[in-house]
Amino acid sequence: MFSDDLAALFGPDGPLASQLPGYVPRAAQLELSEAIRATLDSGGVLIAEAGTGTGKTWAYLAPAFLSGGKVLVSTGTRTLQDQLFRRDIPRLRAALALPVDVALLKGRGNYVCHYHLERLEQDERGLKSRDEMPQLRAIRRFTRESDSGDRADLPEVPETADIWNRVTSTRENCLGQDCPYVRDCFLLKARRHAQEADVVVVNHALFMADLALREEGVTDLLPETHMVVFDEAHQLPDTATRFLGQSLSLHQVLDCARQAEAAGLAHAREAVRWSELCQTLDAAARDLRLTSAPVGRLPGGRATFEQIPEADAFDQSLDRLAQALDGLADSLGTQEERHPDLAAAARAARTLRARLWQWAHPARGEPEAGGDAAVRWIEHSAHSVRLQRAPLSVARIFSGFRRPGQSWVLASATLSVRGDFQHFQRQLGLGGAETRSWASPFDYPAQGLLYVPKGLPWPSDPGFTDAFAQALLPLVDDCAGGVLVLCTTLRAVDRVADVLLRGMLASDRPVMRQGEASRGVLLDRFRAAGNAVLVGSTSFWEGIDVPGDALTLVAIDKLPFAPPDDPVLEARLNACRAEGGNPFMEYQLPQAALLLKQGAGRLIRSETDWGVLVVGDGRLVDKPYGRLLWQGLPPFARTRDASVALDFLGNPPGGREPAPESAAEA
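Take the sequence shown: its letters are residues 1 to 666, numbered as in the UniProt record's numbering.
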């Protein structure tokens, strides 16, 4: 009956077709939904690669709604999470006429904390500028009127505004049941609703935070569910690596000192020499910053634990910092029952001390507890010093988090390399999962053209970036729609944007670059302009949906191989090599292939989209491994001839024949 329900739902006479204007039945969407239904019935794991336009969102929501069981949906970003909760789910729920209770749950930093808001209002010295005064008033009005307390519901104050850090709580400074506003707590209300709801929408960061807390024995963050759906599942390995690792910055240490001194002087002034203790911690943190300064002069401003320059001096500074944290944590522990602020400061000090210990131990070169190796490194910049630790593999922890009989569905448009899922499966420990692919319904040979310019220098050549940007200028001139340029480094972003600006002096077309404003603001401006040029790096390679003529040219400077100075990557490659593997073929190439496919996927977002994909890196054509990369892209027509690309841009589809393969050889 379940299968019949799905066939009727997605059919030409079903509720989706009758309720949703423009709905088009797609065989792949129904097949994907039936495969998800079968996974739900069997309690298994399905890795589903669904090409752009397949309609995977409703394909997984429909069986989730019809199952009658509790389902958790995890999205790649908070933006997609909000879109799913506010747009997609209400439309499907209305079409099905089902009373499904859906909860939205985010990390605690997304919810206004009544207590910390009140503290900031009582001591306006905590405001960093006059601009924050109207923001503070807006947050107060919002707190009185809002049911959710979710800062995404207050667009008047940008989500990136620094004031949010002072009116939200952390796990360490949350007062818990001792908070005078515990009954009004937005976070606790959201968590209670999540426990009761039929469908809970979270994001990967929150899911991984829950996984990390469960490793520490904390089990009350996310509810128990029958099925978990991971949308944009290709992000899971990186998100898991980030959240299953640990980070400690000297900013956190200095903030802890200030928090402890303020709480101590306010509530236990005579008990302890608070200023002296906190000054000792402050001095130890600044001393570690000085002794780690040689790291800032290394490539990337970072060094692994084993490669820190002047290691003896660094170790001595690290010991002084640990002793100062010990002293503060012990003193706070003797007074924490006197006031919740002292208890919160004590938790913060103990947490930082534990992270420092875990970063410095076990001894250099030894594996982590449980046999899972980790890499530790230090990052030193003009504004911060950060101690980082990450597991070399998240496979054991991630796959072990699945409960017996719980169904998992991992869906994305980019999970395989030419139909091979092994790289993704190895990363997450899901070797026994079922893997299936559904192709996009788009007519890529007619809608898109892959152009690899001839004659550009190799990417290692100092003149490559300028030459790449110069090669784009005639294409940009002939492109009536928007242009998205994806670079592999921030340095290239600035260089490409500068060259394009100089070459377009006579044009009134706007040229925007990453860093000028937040990602969301830039994308809104880009869509509104209709013919803008946007140059971005890592965060712009995915999650951008600009259908229509507002984006008809996507250009990628280099093949997106991860930078060799990344400590986690370096350690993983060394581990692969030590086991007799080929790190380039087994790790670097599959990673680059998946990211390249993500970048290329920005171009065609609907049946009527069209445009040119430019890849400036000749290795895509001239190196033997290049075939593995371009064969993993959508099946665009291909060319190396600039005139063919210009002609394609000048003659939008509509009776035009696809570009000839003879012009391609890409």
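I should point out that these hints are in silico values taken from the structure, not numbers from a laboratory. Quantities reported herein were computed from a predicted structural model and do not represent experimental measurements. Careful, some of the hints might be misleading.
To be verified - Derived pair list, reagent style SDA-like, types lysine to any residue, alpha-carbon separation capped at 20 Å:
1) Lys454 x Ala471
2) Lys189 x Gly109
3) Lys128 x Arg166
4) Lys128 x Arg144
5) Lys454 x Pro474
6) Lys623 x Gly405
7) Lys189 x Arg78
8) Lys454 x Asp466
9) Lys70 x Gly109
10) Lys623 x Glu579
11) Lys70 x Lys189
12) Lys623 x Gln588
13) Lys128 x Leu254
14) Lys70 x Leu254
15) Lys70 x Ala35
16) Lys70 x Gly51
17) Lys70 x Thr225
18) Lys70 x Glu156
19) Lys128 x Gln259
20) Lys128 x Lys70
21) Lys623 x Trp458
22) Lys128 x Asp88
23) Lys128 x Asp162
24) Lys70 x Gly405
Stated by the list, open to error - Quick list of the computed label-pair ranges, beta carbon to beta carbon:
25) Ala578 x Ala266: 36 to 44 Å
26) Ser507 x Ser384: 38 to 46 Å
27) Glu224 x Gly44: 16 to 24 Å
28) Gln631 x Arg141: 52 to 60 Å
29) Thr538 x Pro90: 27 to 35 Å
For each residue, glycine too, the CB sits at the ideal point set by N, CA and C.
Verification of the supplied hints:
no.: 1; hint: Lys454 x Ala471; verdict: 10 Å, holds
no.: 2; hint: Lys189 x Gly109; verdict: 14 Å, holds
no.: 3; hint: Lys128 x Arg166; verdict: 11 Å, holds
no.: 4; hint: Lys128 x Arg144; verdict: 24 Å, violated
no.: 5; hint: Lys454 x Pro474; verdict: 14 Å, holds
no.: 6; hint: Lys623 x Gly405; verdict: 46 Å, violated
no.: 7; hint: Lys189 x Arg78; verdict: 19 Å, holds
no.: 8; hint: Lys454 x Asp466; verdict: 15 Å, holds
no.: 9; hint: Lys70 x Gly109; verdict: 25 Å, violated
no.: 10; hint: Lys623 x Glu579; verdict: 26 Å, violated
no.: 11; hint: Lys70 x Lys189; verdict: 19 Å, holds
no.: 12; hint: Lys623 x Gln588; verdict: 15 Å, holds
no.: 13; hint: Lys128 x Leu254; verdict: 17 Å, holds
no.: 14; hint: Lys70 x Leu254; verdict: 43 Å, violated
no.: 15; hint: Lys70 x Ala35; verdict: 18 Å, holds
no.: 16; hint: Lys70 x Gly51; verdict: 27 Å, violated
no.: 17; hint: Lys70 x Thr225; verdict: 5 Å, holds
no.: 18; hint: Lys70 x Glu156; verdict: 35 Å, violated
no.: 19; hint: Lys128 x Gln259; verdict: 17 Å, holds
no.: 20; hint: Lys128 x Lys70; verdict: 44 Å, violated
no.: 21; hint: Lys623 x Trp458; verdict: 11 Å, holds
no.: 22; hint: Lys128 x Asp88; verdict: 39 Å, violated
no.: 23; hint: Lys128 x Asp162; verdict: 9 Å, holds
no.: 24; hint: Lys70 x Gly405; verdict: 13 Å, holds
no.: 25; hint: Ala578 x Ala266: 36 to 44 Å; verdict: 54 Å, violated
no.: 26; hint: Ser507 x Ser384: 38 to 46 Å; verdict: 39 Å, holds
no.: 27; hint: Glu224 x Gly44: 16 to 24 Å; verdict: 18 Å, holds
no.: 28; hint: Gln631 x Arg141: 52 to 60 Å; verdict: 56 Å, holds
no.: 29; hint: Thr538 x Pro90: 27 to 35 Å; verdict: 32 Å, holds
When held up to the earlier numbered hints, the structure conflicts with 4, 6, 9, 10, 14, 16, 18, 20, 22 and 25 and fits the remainder.
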